[in-house]
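Chains as they are written, first to last, in the numbering used here: chain E, 1 to 360; chain Z, 1001 to 1305; chain Y, 2001 to 2124; chain G, 3001 to 3155.
Note that these hints are calculated values from the structure, not bench results. Careful, some of the hints might be misleading.
Unchecked claim - Partial chain Y-side listing against chain Z, Cβ under 10 Å, derived:
| # | residue |
| --- | --- |
| 1 | L2008 |
| 2 | A2009 |
| 3 | Y2010 |
| 4 | L2011 |
| 5 | L2012 |
| 6 | Q2014 |
| 7 | L2015 |
| 8 | R2017 |
| 9 | G2022 |
| 10 | P2023 |
| 11 | T2025 |
| 12 | K2027 |
| 13 | Y2075 |
Values in this document were obtained by computation on a predicted structure and should not be read as measured data. Glycine included, C-beta positions come from ideal geometry on N, C-alpha and C.
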Amino acid sequence: MSKITVPIGPQHPLLKEPLAFSLTLEGEHVIESAMRLGYVHRGIERLSQERTYVQNVHLFERVCGICSHIHTTTYCQGVEALLGLEVPPRGLYLRALLCELERIHSHLLWLGVQARNIGFDTIFMYAWRDREIVLDIMEDLSGGRVSHAVNIIGGVRIDLTTEHRDVILRQLDTLEPQIETLLDVVENERSFQARTRNIGVLSLEQIRRYCVVGPVARASGLDMDLRRDAPTPPYDRLKFRVPVRYEGDAWARTMVRMLETVESVHLCRQILTTLPDGPTSVRAKRRVPPGEVVSRAEAPRGEVIYYIRSDGSDKPARVKVRTPTLTNLITLPDQLQNISMADVSVVLSGVDLCIACADR
Amino acid sequence: MLLKLLIFPGFLFLFLCALFFDWVDRRMLARFQGRVGPPWYQPVADLIKLLAKEDILPTGVNPLTAAVLPMVSLAAVLTAGLYIPFGAFSTASFEGDLIVVLFLLSIPALAYFLAGWISTGVYSVLGGSRALLQYFSYEVPFLMALAGPAILAGSWSITHIVDYQSQTIWIALMQPLGFVLAIIGLIGKLKRDPLDIPKAKSEVVAGSLTEFSGRKLALWHLTMNMQTVVGIFLLVNLFMGQSSVFGPIPAFLSFGLKSVGILLLLSTASALYARLRIDQLATLGWRVLAPLALVQILVATWIGG
Amino acid sequence: MASPLRSLAYLLPQLWRALKEGPHTVKYPFDPVELPAGYRGRVIIRAENCRGCSMCVRDCPAFALELEREGRDAYRLIYHPERCAYCGQCELSCNFDAISLSNEFVPGKPDRKDLGVVLVNKEG
Amino acid sequence: MKPRMLSSTPNPLATLTHRIVQWARRKSPWILHFNSGGCNGCDIELLDLLTPRYDVERLGILKEASPRHADILLCTGPVTRQSRDRLLRIYEQMPAPKWVVSMGSCSCSGGVFQGGHNILGGVDQVLPVDMYIFGCPCRPEAIIDGLVRLLEQIK
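Generate coordinates for the entire structure from the input sequences, incorporating the hints supplied.
Here's what the structure looks like:
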């Protein structure tokens, strides 16, 4: 059979972002794949050296539009450590609340994209319909549906009243059964399973070799979660499970993400009910004393790392961002071997690609 | 006769039905998904807009073939539509017209494959070859399922099969298995969700039609919609025939209602399932549907004979 | 695992529910929209509070604010909605409660020319 | 060749056809989305338009996959050096009449990424833009508003 080369991307309905794949097919069978990144490279790390620490909060918010809050959280954490600032507990709790809301939003979004890629538009619509509740909560809290601009160096700039808290709790109550319905469908629906089971299998050994993080790693049996293993303040007082599955295929990744979503709803409830009183932020100096710091946090897609070096001015000397997508991308050539052309979409969306994160 | 051919139940009527069915389908799907859906004039607007758009052909494509293919398939579907009685109205009917209709209805699938094959784009070629593979998977069970009513009625004329049902009950009730198989086959034939493998957006962009634009795309869309109408009318005639107790006007109405009913069934199916992979469809077609259809035919022969 | 027959039409109850509940769609282009009070939209100013200290200009991450000084006290503060990141940093940086974000979005424009809005124009 | 004479009174049939066609164009805009380097924020808000809350199919808007089927090119994000050629190629593949909508601050001017070493600026550095939609990211309402404004221009 003759070989043909199929380009996927930079403009392809499968990808919301430009990423180019060149697949060599034999019939419907993928035998080789080559990846090309860099279409979304905006030079954020370079730009951040020319801007002040305050401006950089908003720059790093735009590393990725889906997990924008966790990027600023990690960045602010790092700068606060350099400054030696003690963020008030209420600020930390509110930060964590938005992190968890963002996780729900990101995972529901991902479920929708995955379902759309396998031609299951109904689940796409239902997942995104339920996601709107989270977006409403976030918009009421922060004033933005997708970019929240909540974090400032030294805390958060939002606060919430008791009435507002009760409203959010009620919204979460309507959200939870809907998420559980989706979880139930993912677990039992036959055509969904037919398309995702045994696709893109990654073994635990491969996971360790490629340093894969996040739900992809947890779906292959690697029990790690930064929120539990190296907890930053609010998380050390909260109780939650870390869902782990051992199949390592696209279906297990779906399950892990959906179970995490349910966990995140519980976390949001805990945060809201145990919210401490007090101020939400402290004033930060504009100039940061010289030093360097590594700041980590668990993003919806896995561990995100910020390395910040300061030379004493009001602009960072170097910021290095390592996003989870970049490490997870490396597994794609392995996963794309010996599969059908139709499964490429499942594999690509299975690792929850965020090219904007990877390219920066 | 010319009036019959052009207006009712001929071209114009089929055309209006195609637009109406397209709208009902999209609207129902939207409602299932908790959306509003398009307004009633949407298919008309889409069609006019596409007709008025620039018609680009990529280099390397034979312009004549590209222009002829959608016309041939549209003509085939229209001709097939002429032989299918609508309620009590039929334009032409003769012994063996069911076979002619089935033959004519398979032409669009082959034209679709050719349209992909002549295009220079990779996605078109992929979509075309997928269309051919899909054709081989659904066509055999579909034909065998449609043979059930013919064997039962002892005639290959659609009118006779309808008449046979007016004396007894719907064949769908006598052969429920055959009816389900025919519906699955029809979904495959129309390339609808969940068997829209040749034009799966996330895999092959738009299949064979990726490189077509403007008028040709409009013709292709029209062909697909007409095919939906003709296919549904065919199934209604074969499986849910008209009882002659009522006068001609209720026949007209009940036929329309039954057609819309089958359309809703198709919409539900597309909301209910994820798209199958092409190898899964082939497995389904040859390992499940074809044997079942065979059993169905054997039973029908045993009863009918 | 659900029973085989049920798993063939697993979503059917959900479809029925969606039909019963009806669409969840807003009527936006036909009905006006009401955005939440805290929504970060167009930048507005209370001109009487502005002192031209340029703190907002300094902190703006997208260079959407420009201060043109024409003398000791004469200055113009210009706002470019096409550059704005709608982050609200200017509101946060302002010490005089002058600049803030309204809760309406900027409507689309067919042309990029003349987009700059003069927020404050103080003479002498 | 002799130039065709233009009649002083327009042909009523031609006017009618023209009006019908323009009506169809207003009622059935199919969009093609291209992210030329954005952060995903606008992209998910655009995808949000298809979903139950904003369902733009009620306005006839469909998100198409192939440039050959689309009427409106919706660009999000600033134009990076690498995606510039691709953006041009996609625009050239679209059949006329076609419109370009630039969506989001980055796409209008470069936004927070202005001055980046890999950023060429807004989409209007590469393509003629017919409508600018502001926001970072744009609200779905703002996108609908912008698209409706664009469609109102088609007369």
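We went through each hint and held it up to the structure:
1. Taken as an interface hint, Y/L2008 checks out: its beta carbon lies about 9 Å from the nearest beta carbon of chain Z, inside 10 Å.
2. At a threshold of 10 Å, the smallest CB-CB gap from Y/A2009 to chain Z is about 6 Å, leaving the interface hint in force.
3. For Y/Y2010, the interface hint holds, since its Cβ comes within 10 Å of a Cβ in chain Z; the closest pair sits about 8 Å apart.
4. Because the closest C-beta pair between Y/L2011 and chain Z is about 5 Å apart, less than 10 Å, the hint holds.
5. Residue-level restraint check for Y/L2012 holds (minimum Cβ-Cβ distance to chain Z is 7 Å; threshold 10 Å).
6. Interface hint at Y/Q2014: satisfied, since its Cβ lies 9 Å from the closest Cβ of chain Z, which is below the 10 Å cut-off.
7. Proximity of Y/L2015 to chain Z holds as hinted, the smallest CB-CB distance being about 5 Å (cut-off 10 Å).
8. Interface restraint check: Y/R2017 against chain Z, minimum CB-CB distance 9 Å, threshold 10 Å, status holds.
9. Given hint, Y/G2022 at the interface with chain Z, holds; its Cβ is 8 Å from that chain's nearest Cβ, closer than 10 Å.
10. A distance limit of 10 Å between C-beta atoms decides the matter here; for Y/P2023 the minimum to chain Z is near 5 Å, and the interface restraint holds.
11. Because the closest C-beta pair between Y/T2025 and chain Z is about 5 Å apart, less than 10 Å, the hint holds.
12. The interface hint given for Y/K2027 is met, as the beta carbon of that residue sits about 9 Å from the closest beta carbon of chain Z, less than 10 Å.
13. About 50 Å separates the beta-carbon of Y/Y2075 from the nearest beta-carbon of chain Z, more than 10 Å, and the hint is not met.
Hint compliance for this structure: hint 13 alone is broken.
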